[in-house]
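Using the sequences and the hints, build the whole thing.
Which chain is which? The protein sequence lines are A, B, C and D, in order.
Okay, so the first sequence: first residue is -7 according to the working numbering, each after it adds one.
Okay, so the second sequence: first residue is -7 according to the working numbering, each after it adds one.
Okay, so the third sequence: first residue is -7 according to the working numbering, each after it adds one.
Okay, so the fourth sequence: first residue is -7 according to the working numbering, each after it adds one.
For the record, the hints were derived by calculation from the structure and aren't laboratory data.
Please note that the accuracy of each hint is not assured.
Copies of one chain are not kept apart here, so a pair can be met inside one copy or by any two copies together.
The list that follows gives simulated cross-link-like pairs (lysine-lysine, DSS-like), each with its CA atoms no further than 27 angstroms apart [to be verified]:
(1) Lys284 - Lys184
(2) Lys177 - Lys199
(3) Lys184 - Lys50
(4) Lys233 - Lys199
(5) Lys233 - Lys22
(6) Lys180 - Lys22
(7) Lys203 - Lys50
(8) Lys56 - Lys233
(9) Lys184 - Lys242
(10) Lys53 - Lys284
(11) Lys222 - Lys154
(12) Lys22 - Lys199
(13) Lys235 - Lys154
(14) Lys154 - Lys133
(15) Lys184 - Lys133
(16) Lys177 - Lys133
(17) Lys54 - Lys203
(18) Lys233 - Lys284
(19) Lys266 - Lys53
None of the values given here were measured: they were computed from a predicted structure.
There are 4 protein chains.
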Amino acid sequence: MRSLIRLFAVSAMALAVGGALAQNNPVDEKWWPSELGANDEMGGAGYITPEKRIAAAKLVKKGKMALLGMPYSNAMPLIPGRTFALSIPGAPTHGPLNWPGDSYDQTFMDELVTAEIGQVGTQWDGLGHPMIRITGVPGWKDGNYFYNGVRLEDVETARGLKKMGTEKAGGFFTRGILIDLPALKGVKMLPKAYAITMADYRAALQKQGIKDAEQGDVVLIRTGWNSWWKTSHLGRPVGEKVKTDEQMAKDHAEFGSGEPGPAAEVCDHLGAKKISMVGSDTWGLEPLDFSKGMPESFAYCHMNLVVRRGISNFENLDLDDLSADKAYEFLFAWAPLKLVGATGSPGNPVAAW
Amino acid sequence: MRSLIRLFAVSAMALAVGGALAQNNPVDEKWWPSELGANDEMGGAGYITPEKRIAAAKLVKKGKMALLGMPYSNAMPLIPGRTFALSIPGAPTHGPLNWPGDSYDQTFMDELVTAEIGQVGTQWDGLGHPMIRITGVPGWKDGNYFYNGVRLEDVETARGLKKMGTEKAGGFFTRGILIDLPALKGVKMLPKAYAITMADYRAALQKQGIKDAEQGDVVLIRTGWNSWWKTSHLGRPVGEKVKTDEQMAKDHAEFGSGEPGPAAEVCDHLGAKKISMVGSDTWGLEPLDFSKGMPESFAYCHMNLVVRRGISNFENLDLDDLSADKAYEFLFAWAPLKLVGATGSPGNPVAAW
Amino acid sequence: MRSLIRLFAVSAMALAVGGALAQNNPVDEKWWPSELGANDEMGGAGYITPEKRIAAAKLVKKGKMALLGMPYSNAMPLIPGRTFALSIPGAPTHGPLNWPGDSYDQTFMDELVTAEIGQVGTQWDGLGHPMIRITGVPGWKDGNYFYNGVRLEDVETARGLKKMGTEKAGGFFTRGILIDLPALKGVKMLPKAYAITMADYRAALQKQGIKDAEQGDVVLIRTGWNSWWKTSHLGRPVGEKVKTDEQMAKDHAEFGSGEPGPAAEVCDHLGAKKISMVGSDTWGLEPLDFSKGMPESFAYCHMNLVVRRGISNFENLDLDDLSADKAYEFLFAWAPLKLVGATGSPGNPVAAW
Amino acid sequence: MRSLIRLFAVSAMALAVGGALAQNNPVDEKWWPSELGANDEMGGAGYITPEKRIAAAKLVKKGKMALLGMPYSNAMPLIPGRTFALSIPGAPTHGPLNWPGDSYDQTFMDELVTAEIGQVGTQWDGLGHPMIRITGVPGWKDGNYFYNGVRLEDVETARGLKKMGTEKAGGFFTRGILIDLPALKGVKMLPKAYAITMADYRAALQKQGIKDAEQGDVVLIRTGWNSWWKTSHLGRPVGEKVKTDEQMAKDHAEFGSGEPGPAAEVCDHLGAKKISMVGSDTWGLEPLDFSKGMPESFAYCHMNLVVRRGISNFENLDLDDLSADKAYEFLFAWAPLKLVGATGSPGNPVAAW
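Okay, here's the thing in structure tokens:
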């Protein structure tokens, strides 16, 4: 019996990692145990080998660096219902400390932040973020299933998930590649809901003169979509306003009303290549126009990359410096915060070339 | 008049960056404009050149990696009055989303975190954290002075500092070195309040077979002191307890009751070398035993590295993997979160060798 | 010299509490010491005598009660930049506790809330909320002045104000009266920016058959303006939606775009009567239309009631049940939360008649 | 079938509200539908009639008032894992607003609070707080059951409970009585784990010259136990310290290590009387000494008053002013904050006599 299950699992894996899923039906095509191990909670970082790291470090030829995080501020667009509240206290929070002499001491300032810290602004979706909810299927326990078949209902506590927390995710020190669609198409940004095809993907690789994604790579997809909010006064209220409040509200609404993103075939391709992470300059990766309703099989890439294969997803990255320098291949170095039991992490990844 | 001030400032800089400060008196020895520019808000990362980055990448020879962040959890010791509250919501926070078929959908989980996010657990002190408070000195405006002479009173808002925020700090992609004192001394940890001398520092360099700190380096000082809390059940309440609550409270109290750290002469040496950042496995860098009261000139390294020179400081790092592998020289790759107007950042830096 | 200052202060007080302020100039017409004492931090509750309480209790004739708080939820309109985040944890936060038998235990749920808790939804402005900022006036120290001449700069700490915190404010057990303008005018709500005149005020008193405000009273001004958000699905996401998101956003924007409120002469009248508190069903008490810019002397009632006289101000009350029952005179019983050093308090006051 | 269930329910109710529960077994002695209605979410406030309110108001004879809330501050003892973080922003949060003249404007301060706001300090347990967890009982759906048989699993959302939120709880305007045990026994406080008996209860009533609890009453039990923290510097860091940090930590630990409280028979008596609320000056109502382990049937009063009968429970009240004035019978006027979907509420109830 056990061997039969195993056989089934292995053949499902073959489907899952070797190509597109026939029906993309999470019930008939069981997606675990993961190729990385039945108890794996790390996911895609496990595809990165020492050899890969050595090769990635060799990509640093010019000594250039870009930081891929956007600023976190009250002028960020937020998914409705989410919170970002940074408060500077009304006086130094520590000190004054001893110092010889009467006229000087040492003092310190803090800040207090409340946020869905792994899910606002530039943010990395860990394996504890997306789930497939199964209900009423014979032989399956109802529930919300993470990567490797872990059910939310079995691991949830008030203070963190018992499994799949970001502290298990390891680090990403590997080759990164940029797929620069606006450069390919000669536009400022892709239109809303535009689904990037394999043809687009291959054309971009060719134009950019880089090789396809390989095992362990981080693949970053630039759409230009974040220019809706990169142009906001992200430092407000600290800095000066650069748009009216009305314009900013409008731009942020447009930003959130949909986005371009990779078609299912691109995510299937990247999954089959066993990349370690996908990323983009959009809020949610998937091509979508809310005004036209949810597409079928939404959100395809979250489900097939993150949930089924453990390949995590970085959102709201700033990929413009890479694009400007035509840095299409680079060392990507970053690890999520070890927030015990958390579903995601903020970040400011380092790219060097 | 202006040139006279300039002359004074330059000669003060000579003192400040070329050697120990004679009296360490922030009033008589004015510490700005910074060598990095009168308007500089980046600090030490500005010492890292493209050549330095290229050289640093070449340190990756074995393809090994360590993550230097400690887990963030309710079982962390906190400076009294600080907060870390991570809460997992009571139900999926988004979804269910469309999926073909009746039995499965996609759902998502978030977490809500409230913390002095830049000042709890593994945390990086930005240039907006430590200040020198000047009061009643003729010719000086009373106030709390940051790096480059910026006064808190001039840049404080309710929602972030107008200057010196972590979004200005740039990134650290450079050579890192480990100064491993427990390995040098053959102990598990340095005793409380132990002041690491230049003799210790040089002995460690020699034993480890590495060269002294150079411009732009990140210098990480291992004391073993964090074993007081590395041994706590950092995953609680998510994971299992590994100590009784009483034992954990006792260990955390001992951890917070003081710490070993570099003597003033070591910080002066590192400052003169123009490193980009100092770091340690302690909560506050400075040698101290609270039961014996505050030492004079406390906190010397914060004042002389961070405030006067813009060389930032990373606390509560986990340096044990580096030590175990004798990885004394490595690529250090990390950037603080761009928290607009914030005083510090959490982190999980990547070291590769 | 001292007696001269005293004389000046007393004559200023005479102006301040006996009638309108001639020029309404906080610099020339010094507003402290308060009639309630130079060190008073309680303000208007100090006007309520034991006799007043006995008389107020006698207003309870029908045994009816109304609760004057609005629901706090994610569907509240918020002043931009403010936060209300209530999160229910993902599992019982305490327990299970022992119980005889195998099959049952006791468990407990919490909630985690982050908010400017004294300044969102139904909220009471304490004496630590509004200030008069004085700059560059000879003989005055620059700064933000609260009631009784206390400067923010002298009492601010990171964790609370040293003076004027809500824990000092006492409690309000006194006669409440309703001034029901929509009932008077035969409208659903007063128009935006409508300034309620003394003629309106006296007409309402007469129509309602109640006597004018007396010392210690709580005076509640109904405008109907809160119907812009009373009709929102305040229970969302807990309950059902009753408006589209678009309609709700539009209604909340209209609600926040201005409001009707008492003209200066009404606030001067109430101040001269030495009431203990004013309240309304608007977000900020003062007549205003943002699209027309800030009126001169804004915000008159905050400055003249709260800052100058210590008469506090309750915002976003629900006065509809009182109106529906024609309960124009009632016992008002409520005290702010003793939030040490805080500027305001949430509330759900009890009115009984 | 339906009538049979109804019969069973009614006879169970007879047990539940008319006397002690035979076995106190929540599975065999089904506790719903509530006498207040099968869909009731208000609980005990539903026992208060208009006549009761009129009578209660007549208890105000001297015109005296006490506020029963303790101060909320960083110097409160907290259940481990809970948070109270109040932060005052670093600058006025609103303004400056227009004012005629060059030298003065109006400005405003806020505070930002993060807390399990319904479960820290003085706090009222709503019907969404305690649950009976049932597992593996034939005929019962596994889960955590609130009052009236509502299962957590059926009403939980990320942002609030769909049922039993504090916004449903109504208000308490009724007769309050004080049961003053330290006055009865001639001690400062009852010893830890002391179980107050019916004999104690009746002796207190007699000594105090008041009648037993009646339907709709609020019954407040004074033990003196909160003197462990009433004597802490509750205003810290705003005010002065009155204990060393060590002493405060010790006192708070002792406070939290157990408490005196009513024996089961007292709670059964109060339940049978159909009071509207019970309250005490302890953190958790129930007699307990943690060092001796959890007693059987813990926590009896939470389970039998709150869960089974909908009679809510107010903790950490300050009852000393009532005691000092021998105010044993008074008007109790208070309503919880309408926090949509929340489990509890902070408070500062008004007692008048």
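Results of checking the hints against the structure:
| no. | hint | verdict |
| --- | --- | --- |
| 1 | Lys284 - Lys184 | within (11 angstroms within a copy, 36 angstroms between copies) |
| 2 | Lys177 - Lys199 | within (11 angstroms within a copy, 57 angstroms between copies) |
| 3 | Lys184 - Lys50 | neither (37 angstroms within a copy, 42 angstroms between copies) |
| 4 | Lys233 - Lys199 | neither (38 angstroms within a copy, 49 angstroms between copies) |
| 5 | Lys233 - Lys22 | neither (51 angstroms within a copy, 34 angstroms between copies) |
| 6 | Lys180 - Lys22 | neither (41 angstroms within a copy, 48 angstroms between copies) |
| 7 | Lys203 - Lys50 | both (16 angstroms within a copy, 23 angstroms between copies) |
| 8 | Lys56 - Lys233 | neither (31 angstroms within a copy, 45 angstroms between copies) |
| 9 | Lys184 - Lys242 | both (15 angstroms within a copy, 24 angstroms between copies) |
| 10 | Lys53 - Lys284 | neither (46 angstroms within a copy, 52 angstroms between copies) |
| 11 | Lys222 - Lys154 | between (36 angstroms within a copy, 19 angstroms between copies) |
| 12 | Lys22 - Lys199 | neither (38 angstroms within a copy, 54 angstroms between copies) |
| 13 | Lys235 - Lys154 | between (44 angstroms within a copy, 18 angstroms between copies) |
| 14 | Lys154 - Lys133 | both (19 angstroms within a copy, 24 angstroms between copies) |
| 15 | Lys184 - Lys133 | neither (38 angstroms within a copy, 46 angstroms between copies) |
| 16 | Lys177 - Lys133 | neither (47 angstroms within a copy, 56 angstroms between copies) |
| 17 | Lys54 - Lys203 | both (20 angstroms within a copy, 24 angstroms between copies) |
| 18 | Lys233 - Lys284 | between (33 angstroms within a copy, 21 angstroms between copies) |
| 19 | Lys266 - Lys53 | both (26 angstroms within a copy, 24 angstroms between copies) |
When held up to the earlier numbered hints, the structure conflicts with 3, 4, 5, 6, 8, 10, 12, 15, 16 and fits the remainder.
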